[in-house]
Amino acid sequence: MADEFMKGFAISMVGALGWFFFAGWYRTPSFEQIQQLTVEPPEPNGIYDAVAIFASDLFFWLMVLGPLTFWVIIPALRELRRSRADASN
Amino acid sequence: MTESDDTTEIRTDGGTGIVPPDDETPDWTERKERSRGLSRLTYEYFERSRREDQDLRQESDYVERDVLGFPTWPHETIRNLAITSFFVGIIILVAAALPPEFMDPANPNSTPAIILPDWYLYWSFGLLKLNPINPELAVLGGEKVLSDQFYGVAAHGVIFGILALVPFLNKGSARRPVEQPFWSAVGVAGVVLSFTLAALAIQNFFPFELKLLLTLTFTLPIVAAILTYAVLKTMREGYMYDLNKRYYRLRPPK
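Protein sequences appear in the order of chains E and P.
FYI, this note's numbering numbers position 31 of the first sequence as 31, with every residue one higher than the one before it.
FYI, this note's numbering numbers position 120 of the second sequence as 120, with every residue one higher than the one before it.
Bear in mind the hints are in silico, worked out from the structure with no lab data behind them.
Backbone N, C-alpha and C fix where the C-beta goes; we use that ideal spot for every residue, glycine too.
Each hint can be trusted.
What follows is a set of in silico ranges between Cβ atoms, one per label pair, in the way DEER data are often shown:
no.	chain 1	residue 1	chain 2	residue 2	range
1	P	F150	E	A50	52 to 62 Å
2	P	I159	E	P44	47 to 57 Å
3	P	R236	E	S30	47 to 57 Å
Some but not every residue of chain E turned toward chain P, in silico, with C-beta under 8 Å:
no.	residue
4	F21
5	G24
6	F31
7	I34
Calculated from the model, a selection of chain P residues having no Cβ within reach of chain E, i.e. all distances over 10 Å:
no.	residue
8	D53
9	G69
10	T72
11	W73
12	T84
13	D118
14	G157
15	A199
16	Y247
So here's chain P without its partners, still in its complex pose:
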């Protein structure tokens, strides 16, 4: 018994002073994420207010209960049933109001003039249509060494390679786009590129030259990225101002 006489606190750590981490303890990643830049500033503001609330709570004699969620039955179940009924109702309503036409049965012996994948794969289909920018390595007889089809598949390799690299380049410490304008711009460029590639896949729908469409496919993402970067960079000051204003409105200086 090495415990001193004046303390009545029960020691559960064996007297070593080493306490196992609980949910409140930030782990290594969280410490690292909050150690730099605007995300650190944000964290410090909210942490300071949280700490002040905690002190106030400990001073008061009001008994708090921890409510972690609502019970599955009946609360969650009835809510989910209501949402499900709403969407099923919309589906039935639309199906009844605009009944689908019954066309001729598909003829498996003839390929349609326009073939397209489902809409969410248009970007991938667009990558297969980059023929004009593929390098033309021609040898004897003018036959291409590497076919357009090969370049189309290789373009997928480039896209997936960049996607796989992103988590290694940016750890995702920002909670809001304004905290990291550059990476937000990269994300916006990616989203816009997926849309422009999809537009390239359905090129017949656009009433202008294919060359222009191909140019837009790769310039629009860059333009969108520059715009995003400029806007977010401009918003940073206002964001910090708002944080400060909110903090001092809730807790006016004494």
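The shape of chain E in the complex, shown without the other chains:
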């Protein structure tokens, strides 16, 4: 169980760092304003910009879904399987 926690936590932190970088570059007009990291990105100038803007979304969802998978979904499935095995015995 501790391993599952660490996996989710590590994925979340990697995702947070990546989201921070890419959203800091493309979704933050200024660090002096209230809305940061979530502002609508500008129209991409080239393939690199498009990839980076896509990566900011990717890392954001990695940060959210990674821990959700390892902390909620996998343990829930495990509990479900265990309760089924208990019920059939």
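Fit chain P to the known structure of chain E by using the hints.
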């Protein structure tokens, strides 16, 4: 020489039978902490298993060594260097990837529209913004007898007074929140209150009425406390069941 002939044990206590306490001997506080409720039950389970392990160890002829820790050099030093390098690396990485902007130099002659302390003092700043709930003692001319600023400082007195009282009300004998649900709930309420007070300090950031924010500031901690109490109270039985299961799995009844 009052020693009997059949015993070969060396007496070091002068024959009085009074032995000075060693590290294993529980002191008065520990005895008291373990004398009540669920913490006593927990203690008894683990103490019983510890005692059984000790007996097994004494029966065996395996020689144990006491390893209290690892040497500072090289083990601890290299580990600490690795951890330090990691965090320094993260700092350099972030500073290089997102270089801070250089703004105009601060103008000491003009006060900014929004002034705030550092984030860890937001709760304290929130206490200074309780104006709507301060009692209005007005005398001649409608001037307040006690100013809002005074009430703000007095609110700090209340908070610190409660903080100072807590160690006298609860000695902290519980090792897990589940052992004392009430005091865990009190702790959670305190943590949540510090967050809601911080939210009150930055009230401009919240897109709803100040009155609602002020209400939430004091109701959310109570709601959180009730939730914590209910959850922990419900968990108690499961906790005891787990303790029993673990004990009997390790040491099945003969």
